[in-house]
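Build the full structure now, drawing on both the sequences and the hints.
So the sequences go chain by chain: A, B, C and D. The opening position of the first sequence corresponds to residue 35 in our numbering, with each subsequent residue numbered one higher. The opening position of the second sequence corresponds to residue 35 in our numbering, with each subsequent residue numbered one higher. The opening position of the third sequence corresponds to residue 35 in our numbering, with each subsequent residue numbered one higher. The opening position of the fourth sequence corresponds to residue 35 in our numbering, with each subsequent residue numbered one higher.
Worth flagging that the hints you see were computed from the coordinates, not collected in a lab. Mixed in with the good hints, there may be bad ones.
Identical chains share a label here; the pair holds if one copy fits it or two copies do between them.
[As the list claims (entries may be wrong)] In the EDC-like style, the derived pairs of lysine to aspartate or glutamate whose C-alpha atoms are separated by at most 16 Å in a straight line are:
no. : residue 1 : residue 2
1   : Lys126    : Glu151
2   : Lys128    : Asp145
3   : Lys97     : Glu305
4   : Lys341    : Asp318
5   : Lys126    : Glu149
6   : Lys246    : Asp467
7   : Lys128    : Glu151
8   : Lys126    : Glu152
9   : Lys148    : Asp160
10  : Lys267    : Glu188
11  : Lys128    : Glu152
12  : Lys189    : Glu438
13  : Lys267    : Asp374
14  : Lys126    : Asp201
15  : Lys128    : Glu438
16  : Lys126    : Asp160
17  : Lys246    : Glu428
Protein chains: 4
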Amino acid sequence: MCGVIGIYCEDESLTSRIAYFSLFSLQHRGQESAGVAVSGDSVQVYKGMGLVSEVFDDSTLTKLQGNSAIGHVRYSTTGESKIENAQPLLVKSKYGPIAVSHNGNLVNYWDLRKELEEDGRVFLTDSDTEVISHLLSSYLLDYDVEGALSILTEKLKGSFTLCLLLDDKVVGYRDPYGFKPLCIGEGEFGYILASESCAIDSVGAEFLRDVKPGEVAIIEDGELRFERIASSKQRAVCVFEYIYFARPDSIIDGVSVYETRFNIGRTLAKESPADVDIISPVPDSGTTSSIGYAYESGVPYIEALIKNRYVGRTFIMPGQSSRELSVRLKMNALRNNVRDKRVLLIDDSIVRGTTSRRIVELVRKAGAKEVHFRVGSPPIIAPCYFGIDMSTREELIASSKKVEDIRHEIMADSLAYLSLSGLIDSVGIDESDLCLACLTSEYPVEVPGERCIRKC
Amino acid sequence: MCGVIGIYCEDESLTSRIAYFSLFSLQHRGQESAGVAVSGDSVQVYKGMGLVSEVFDDSTLTKLQGNSAIGHVRYSTTGESKIENAQPLLVKSKYGPIAVSHNGNLVNYWDLRKELEEDGRVFLTDSDTEVISHLLSSYLLDYDVEGALSILTEKLKGSFTLCLLLDDKVVGYRDPYGFKPLCIGEGEFGYILASESCAIDSVGAEFLRDVKPGEVAIIEDGELRFERIASSKQRAVCVFEYIYFARPDSIIDGVSVYETRFNIGRTLAKESPADVDIISPVPDSGTTSSIGYAYESGVPYIEALIKNRYVGRTFIMPGQSSRELSVRLKMNALRNNVRDKRVLLIDDSIVRGTTSRRIVELVRKAGAKEVHFRVGSPPIIAPCYFGIDMSTREELIASSKKVEDIRHEIMADSLAYLSLSGLIDSVGIDESDLCLACLTSEYPVEVPGERCIRKC
Amino acid sequence: MCGVIGIYCEDESLTSRIAYFSLFSLQHRGQESAGVAVSGDSVQVYKGMGLVSEVFDDSTLTKLQGNSAIGHVRYSTTGESKIENAQPLLVKSKYGPIAVSHNGNLVNYWDLRKELEEDGRVFLTDSDTEVISHLLSSYLLDYDVEGALSILTEKLKGSFTLCLLLDDKVVGYRDPYGFKPLCIGEGEFGYILASESCAIDSVGAEFLRDVKPGEVAIIEDGELRFERIASSKQRAVCVFEYIYFARPDSIIDGVSVYETRFNIGRTLAKESPADVDIISPVPDSGTTSSIGYAYESGVPYIEALIKNRYVGRTFIMPGQSSRELSVRLKMNALRNNVRDKRVLLIDDSIVRGTTSRRIVELVRKAGAKEVHFRVGSPPIIAPCYFGIDMSTREELIASSKKVEDIRHEIMADSLAYLSLSGLIDSVGIDESDLCLACLTSEYPVEVPGERCIRKC
Amino acid sequence: MCGVIGIYCEDESLTSRIAYFSLFSLQHRGQESAGVAVSGDSVQVYKGMGLVSEVFDDSTLTKLQGNSAIGHVRYSTTGESKIENAQPLLVKSKYGPIAVSHNGNLVNYWDLRKELEEDGRVFLTDSDTEVISHLLSSYLLDYDVEGALSILTEKLKGSFTLCLLLDDKVVGYRDPYGFKPLCIGEGEFGYILASESCAIDSVGAEFLRDVKPGEVAIIEDGELRFERIASSKQRAVCVFEYIYFARPDSIIDGVSVYETRFNIGRTLAKESPADVDIISPVPDSGTTSSIGYAYESGVPYIEALIKNRYVGRTFIMPGQSSRELSVRLKMNALRNNVRDKRVLLIDDSIVRGTTSRRIVELVRKAGAKEVHFRVGSPPIIAPCYFGIDMSTREELIASSKKVEDIRHEIMADSLAYLSLSGLIDSVGIDESDLCLACLTSEYPVEVPGERCIRKC
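This is the structure in structure tokens:
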């Protein structure tokens, strides 16, 4: 889970600021590190740990002069929170400087790395981005950009949406499955590639279109061209972008994220009605589907929970007895709204169940007569190998427990999940064009040890 | 606008953590600086610029050992963002160490300071807190705590809610007008004084009651006692705590903030209905009243605007052309929700009008057919001298313009404010017990150059 | 042990830089904190922990605009290493802003503070500088600067060399005993007051003269005037400035520090000759007296020890076995220079004896046949109450041990101290005009529990 | 100019501290960055900009657990002061983790890099260390450590002293010319490889011997072995290590640095006597040769100049008029020592001449009757390509000017350099075994555009 951008800007002093603003609007896609590479007289990169607004200041942006840029925000995955893993990765090669921003995950990363090591190559990081840069530089010895990406596509297994700076060319590429989104906009300043359309809005540009799976977008000397370099019989668009990950104001592959979530709420209301007094989201992930549920059901939308807006990465929670305080600090129940009421809570999904349990308890202790729970997705039963850090299969409560057992575990008076067909209808994309692996345990590409549905 | 807390905790290693957690839940009351003073073997203070979570870490909290503590979060007012102004202020006096956390504003600060300077006194800061500490230490030469506070009350003009550490005693005091809130809770750990009840919830304590205007609460040797030391014929509770400032999950002087805002929305709907397709808040300040308006009117509550959750203090906005991007970065319109719709936006108040204008423009550009605006308070026509930093009278758009002119200025299709009586009814507190000065220009205490309504 | 400066500079943009450079040349007088106060449109102060070069940068210096300034470097004394104790201390008073830089120590600090507390006064720090600012502001209510300093002098017991910023006046004052040095220079830019003449050299100014004990120097509107405001029958100039503390290129009260130390070496050679092959300093404190000893004795000056130039405050020495490595890291013996040689080591003084012992051991282990030790001062037998942090009487090895016992303790083949008369002759100042308390245990002013020699 | 170390330590919790202490004693070899790589369960590296004592603290050292380590301090060369260039460089390869610390400079760096890029390789830094890691990993595919280093030696042109961590093996290697020093010591803890013997002393270990040119030292499973893997007909030991660069307490290739400098002084006295009153070093670079000169000539050694010990990297020197103050801040003349005297100043070398000129002027302005200058090396006429950053040929004053012209330029009354034969005799190493390129313009290895003396 990361965010990528690419910028071509005619005013070379404005490029890094456009990059900064657009990354800022993709901050929800990753808060661990942020970086920008700019191609001017030379290619420079600046990156650091933390939020976009913490990494950059006016003087660092001013130093990054040039017409082309790519950027990246990185999600905090388990363990390795290191500056070495921050992107874009900038390498020098025979082709010239190559900078890479990557959103996705390579299933055959270790195979590829071993193969390269057999050749005597060395690696300074443990990221798949470095492997991609090695392969790319090799293919660019003999092929043009389109050719190199075409061979790369055959080599890589997994998901990869890339923004590249190849010398002064800005290149956007989306793997043939189209797991992760990428779209392109045009503004007065020039062009912008971004993971989500909200980044295009944020810099005042107009949305042009989504980059298609298997398609490359190249901006060279101010000219934009597209080429379809990999055939894609069937897409595998990540359904969790719609359920949880993307910003509600984004439109991905022609589908509004807000609308999808609103539809999810309406569908849930039809599939699993509840005899309650108020509908309340688990903030903020359940907000839109709760509004949809309330709209459909006619039950008032009234908040049962308030979230502390200042909970961030740096918050410390020291000591044993303090840990018990943790939930209360992040959320508080609105006593007057829930007292003696039958409350329906809606969240986008349940992963381990522990947080849901605490929230139900919080609302009940605040005086609710009944606490019902609805989930805006089917049960998550299998891990993701394509970029969403969802813990192991063992940790997923729905991988081993039935709905009634989960209801008991989270101590709700009733619990219902959205049906798979309800989800697919809410999104409005063909089932065969979606990656639903975490919900079905059937993977669109081969993953060792998992069942693959070859879509053809 | 600040937040204060006082803690008595039987486990002296837990005190600073309780203080930390409760300040964390009052973070919305001030983000400029944070500090905690703890009385153990000696009285120590630790404070710094920034958020509670930025100022403190595990090792600083661990060093602050003792049973008694007070804390403070400070709002960023114009100009002087200095560590010297951070609170609590700790002084040594004949009485012993005195630490002061203050929420409010002294109208006669300069008179008091000059008087003290005539005596040869020196000042290391420009804060009214230092003046309070001087007076307090003088009165404590001859009087006990209650006596000293009683004389202090006669001396000070303006608003002052205080949490004090007097040696190892924790003292909470609220001026006789009760401008700013203060309440007390009891937990397994001991006692907690706090500006708002959400802080009591956050540490798992039970709300006991509000400290009354003119009343002191003293926790000494683990025992809590109250004493009414100043007569208060009429209260002057700040109405803006309910409209905007306090957290919605707090209950202040017996009134739920959420309920008040929900009522405001309902009242607005009755007073100023609108023929629209959707009701949307200006996030986050208009959320609760929008929910109330939608509830009353039956028009769907659907968001027209998404706020970027990562907008913070450190965000830079460099350069001229960049400044135009600023609104888009903070908020984005949901095109699919507003296209060809008649949209009603609701905000808590309008100060200068510039932001409202930009928001209306944003929604209109996203395709709304009509954009109407409702405001959850009467027009703000006069400045606040009691602690809310609301700019000068000249900057207040409603101090010189009529509603129709304001509507024209913000380019809305219609505009309506809540009536004063509608506000008072929504709060449910007697008009004579509220400070409504910013809405009426009639001040409950004498302010040079302003009209005073002596309430008696 | 601290350094103070005062600057009057006609170019108001240069003032803070002159202050910076002169403080930089007094860095040896204190490395804990540094600060500068400048009087321009208002009086501003900037201070921080650490070296002058760490505290200030170009932008902080540029912000400090004005014609008058004072500055301070603070020595790290035991315990309280806090920013609160950094100087100059800036206070606001009826007189206006008062900034104080103080070098010295008040024997009656607690008496004075209690007296002020009886009056209801409060203290934000535990420094005698704050007490001085209280008294000064009181006296300035009724008297002019000279009058106020005159009364202050009667009130204070101990040593106090002050640089003051009184509104826009720069004031230098030296207590009637003249414990601590202060001199004045004139440059093209204006005037400079400084603890040592090396600071005057460092900014290209000409040395004018020493400020006399009991004399005030006032620079007002660019004009310098002196006034003798306190009678001083007998001076008590700190002899340790010459022995150890001052920089060798300074000239204090007409006496060259380098010459004094060179003379000490020559006198030592005459008083206590040694049959050795080489003379070597304990670097850097014994360098100049070693050169003098070698000059007088004709024995070659050849270094036995090399000091690591990068040993600083931040150096960590973790763990038990690591601690044994500590001496070797700071110094190393030059094996080839000492092997099979009779070596004479010279240091300026011996405080606890532990370091001397380790150094003797280091040289012996490197192969020296004999290791002799000479000390450029008489034994230190009593603590200092006037500003030099010399540990308690118990920790002073010479307070309880005879020379032969000390020799045994430090494991030298021979040991000799300079005689008191040898020291006095080397300095060339009348015995009655020197403070020799640490060497004689006879104090020039009353100190509770110590014997006072009233010099009259 | 850099410093390298390698450690094998039986107590794996002590390894990083031994590394820290030894790097600390090599701090004079580089102040730009410092780093340590440790091989324990995995290989970890920690590095940062600044001094050893600034980069590491107790917690970072504690995290670096393992029996093997290498370290590096880097000299600040022009331009690229970046964390990317800090060493050790850690890479992953088929062989396993490889960490490299390099002291030296590759003349054929760009040729090697281009060759590797032709193969599709990518580079993340611009350092020759990364090129070395690429080659090494390739050779290690087919050869053992000795074999790989042997082939590497044929490939690399220039100087390279390496400390390597190959998985858990600590490897020290010195190019067949032996440009840069490397020696090995044994302590109770285990073994230590270091650029200079002072590092061995600093950790209480015993000096075993120098690593010979073309020889590898491998510590594997606690066992030390040597192997001569490259024939070296003629050494080319850098003479500037003795003249200026190494610490005086080090013994390099059997020759004491202090003794060499002392001999240089004595030889200078014989070659170029001066009729003067005092001999003074330019501190600190001329100290030892001045002592030798004084010893030989019988003229007193008395300091004319005092150096400010706190001049460091961070010192700012803002503005035009301030720049004139710069010399005075670094050094001050001792007026009383030079007034009306004939002074002889001795420095180790003259590079551009500007500093020498300022120093002569400083002493003359302080009252010296005559100021003579002696230099402890022959004129530097040619640039160094093997690791000492000595500016371009054009900047070297002696590359275009005769001695008399230089004397005139620095405004000395007389000037003399040490003769080349005098230098060689002072060092005591065969001329044919020294690299004297900067003094003769004849290079021991081929450098494009320079004359090469092939020594055979």
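Hints, verified against the model:
{"no.": "1", "hint": "Lys126 with Glu151", "result": "between (18 Å within a copy, 8 Å between copies)"}
{"no.": "2", "hint": "Lys128 with Asp145", "result": "between (24 Å within a copy, 12 Å between copies)"}
{"no.": "3", "hint": "Lys97 with Glu305", "result": "neither (56 Å within a copy, 54 Å between copies)"}
{"no.": "4", "hint": "Lys341 with Asp318", "result": "both (8 Å within a copy, 12 Å between copies)"}
{"no.": "5", "hint": "Lys126 with Glu149", "result": "between (21 Å within a copy, 13 Å between copies)"}
{"no.": "6", "hint": "Lys246 with Asp467", "result": "within (12 Å within a copy, 64 Å between copies)"}
{"no.": "7", "hint": "Lys128 with Glu151", "result": "between (19 Å within a copy, 5 Å between copies)"}
{"no.": "8", "hint": "Lys126 with Glu152", "result": "between (21 Å within a copy, 12 Å between copies)"}
{"no.": "9", "hint": "Lys148 with Asp160", "result": "within (12 Å within a copy, 25 Å between copies)"}
{"no.": "10", "hint": "Lys267 with Glu188", "result": "within (14 Å within a copy, 53 Å between copies)"}
{"no.": "11", "hint": "Lys128 with Glu152", "result": "between (21 Å within a copy, 6 Å between copies)"}
{"no.": "12", "hint": "Lys189 with Glu438", "result": "neither (44 Å within a copy, 66 Å between copies)"}
{"no.": "13", "hint": "Lys267 with Asp374", "result": "neither (55 Å within a copy, 37 Å between copies)"}
{"no.": "14", "hint": "Lys126 with Asp201", "result": "within (10 Å within a copy, 27 Å between copies)"}
{"no.": "15", "hint": "Lys128 with Glu438", "result": "neither (60 Å within a copy, 51 Å between copies)"}
{"no.": "16", "hint": "Lys126 with Asp160", "result": "between (18 Å within a copy, 9 Å between copies)"}
{"no.": "17", "hint": "Lys246 with Glu428", "result": "neither (35 Å within a copy, 54 Å between copies)"}
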